[in-house]
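Undergrad: Based on the hints, put chain S in the right spot on chain P.
If you read the sequences in order, they're chains P and S. Per the numbering used here, the very first residue in the first sequence carries number 1; after that it's consecutive. Per the numbering used here, the very first residue in the second sequence carries number 1; after that it's consecutive.
Hints in this document: simulated from the structure, not taken from any laboratory.
The calculated SDA-like cross-link candidates involving lysine to any residue, where the alpha carbons are at most 20 Å apart (straight line), are:
hint, chain 1, residue 1, chain 2, residue 2
1, P, K237, S, D289
2, P, K237, S, D206
3, P, K175, P, P72
4, S, K286, P, R209
5, S, K286, S, I269
6, P, K237, S, T210
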Amino acid sequence: MRALKLYPGLLALAINAAFADPTDRFPTAAQAYAVAIDGDIHWGRALDAPLPPASLTKILTALVLLDRNWQPDAVLTVSDRAARAEGTRLGLRKGDRITANDALTATLVRSANDACLALAEHDAGTVERFVVRMNIEAATLGLAHSQFENPCGLDAPSHVSTARDLVTLAGLAMKNPEIARRVGLTTAAVRTLDGRVFSFHNNNALIGRLPGAIGVKSGFTVHAGKCVMAWIERQGKQVTVVLLNSPDRWWTAAGIVEQAFATLPLPSP
Amino acid sequence: MVSKHSFFAATSCVFAMGSMYFGPALAEPGDLWEVTTEMKIAGMEGMHMPPRTQKVCSPKQSDQPAGIPKPENNDCEMYDLQRAGGKVSWKMRCTGKHAASGSGEMNYQGKDSYNGVMKMSADGRDMEMHMNGHRVGDCDAAEQRRQVDKIKADAAKAQTQAAQYKEQMCASAVDNMLYAQLRAESGLNCDPKYKLDFCKRYVTEDGYNTLASRGDQPIPPSTEPPLQEIGTVCGAKPEVVLGNLCANADKTESLVFLARHCPTQAQPIAQRECAGRGYTTPPAAKYRDFCSNYAGKLLATGSDASSAAPNPAEKKETSLDKGKKALQGLFGH
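Bound conformation, chain P alone (with noise of 0.2 Å):
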């Protein structure tokens, strides 16, 4: 049927007139936006509609290799396809070799398709069948309205989550230690066993800047344009958002964040 064919996205905006949300308190902020205090959604837009993560897609990613006999030491070759990875890279070389540890903080930090698909490949033998424990693990985890690809979170007609859906995997990775460490880091460095070292700051520009902001992660694609999901923490309070194609993404997060800690009874210092 050539609607499927349409980009999700596309789609999206047509789904999105059917949402009347009414505790949309930001509604310029993104296509598709949720703020989660302590967990509970309080404001949002369009928190169903099924839209392109991007490279949100790799938390889960990583919560599917972590959740699966993960061996840190284990040396993963690159393939040719993996170095041939579209988008934001590491620079990795067919043949070379690197830890699935440094592959793991290249992903989350960078964002480096590369090394995400060298880490699907080594656990799953293809990125086929990484994929299907991918679809697997959304279905355990609740993720009801996600469905995925690829596992890096290029563009594709049916690799779509959802607002609401990506708040509960925000949620899920920062519980996880191995992700809540990376995803917190404002710069890291990988090596190959080569001895080639890449230093990179992180993707995610709140780290370091927003106050509090500890995690988790951002992505873009034309499609799914500029998109991050962020995990604040202030005097015991914690604050998540989640923007799916917001125009200034960086300047939104922080702008929502002040707004929705401005709004809590915070305890006096």
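TA: Frame of chain P, contents of chain S only:
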């Protein structure tokens, strides 16, 4: 209106079962009584209080028959104590905070059983307490007294803690600007000084910010009055308070307060310090929080104070386009 609580305090607490208060401090022989009491309060017939049975140790060497209550403090006295055969009657009165008066009568069936009634009037209400007791064995009266003393000490401690808790609640109401807790209807009965403290905080940046942000809370507390009502309670209109606070915040460069509440003062600062700045090539550190808060305010209100003029083409814009403009006009990427 007399509360149920104060009525019980007046009648029950000032008299206690007399048998508990006699005898030396060390171990002493006593009679163990099983005593059943049933309370009836005039006007509260619908509220059925079941009979209460407890074991009471009464010293064998006592100057007062078992079961007869004895005043616990100097505000109360028993008088006109009369004895005729197996019947003992008395009168009693209390003055002061727990003023009350009453009479009682006890009938003894030998040494092992009694029944009787005590009638009291306090706070305009009448109460009857029916009692009957049966001796069930021997006991150590001193041990019982120690237990009673402990219960009394625990009760006093609980009362102190309750008073401390109340003070904490009242102070917390000021800290968190929760006026509903300071109202008489809340039942907390906070000292009037807390209302004064509340109103003092209302005219500060912190206090005003807490109150003004409450309307934006995802689930605002429904019992809290709106800002206008607070203005009436404290005798200072919110717009006047805000005007003073904004002028002061401008002088002292209280930037976050300006960003959140003072669009007139904030707008030129935002143009100067935030405009065109990307989040990764940020404004001066001093203004970072200001710019974030200003961005949040723009997103929440949906417009920049500087672009208030209506735009005829706006109808065709999606909300996302508006958002892009709202922040792009001021912020970079």
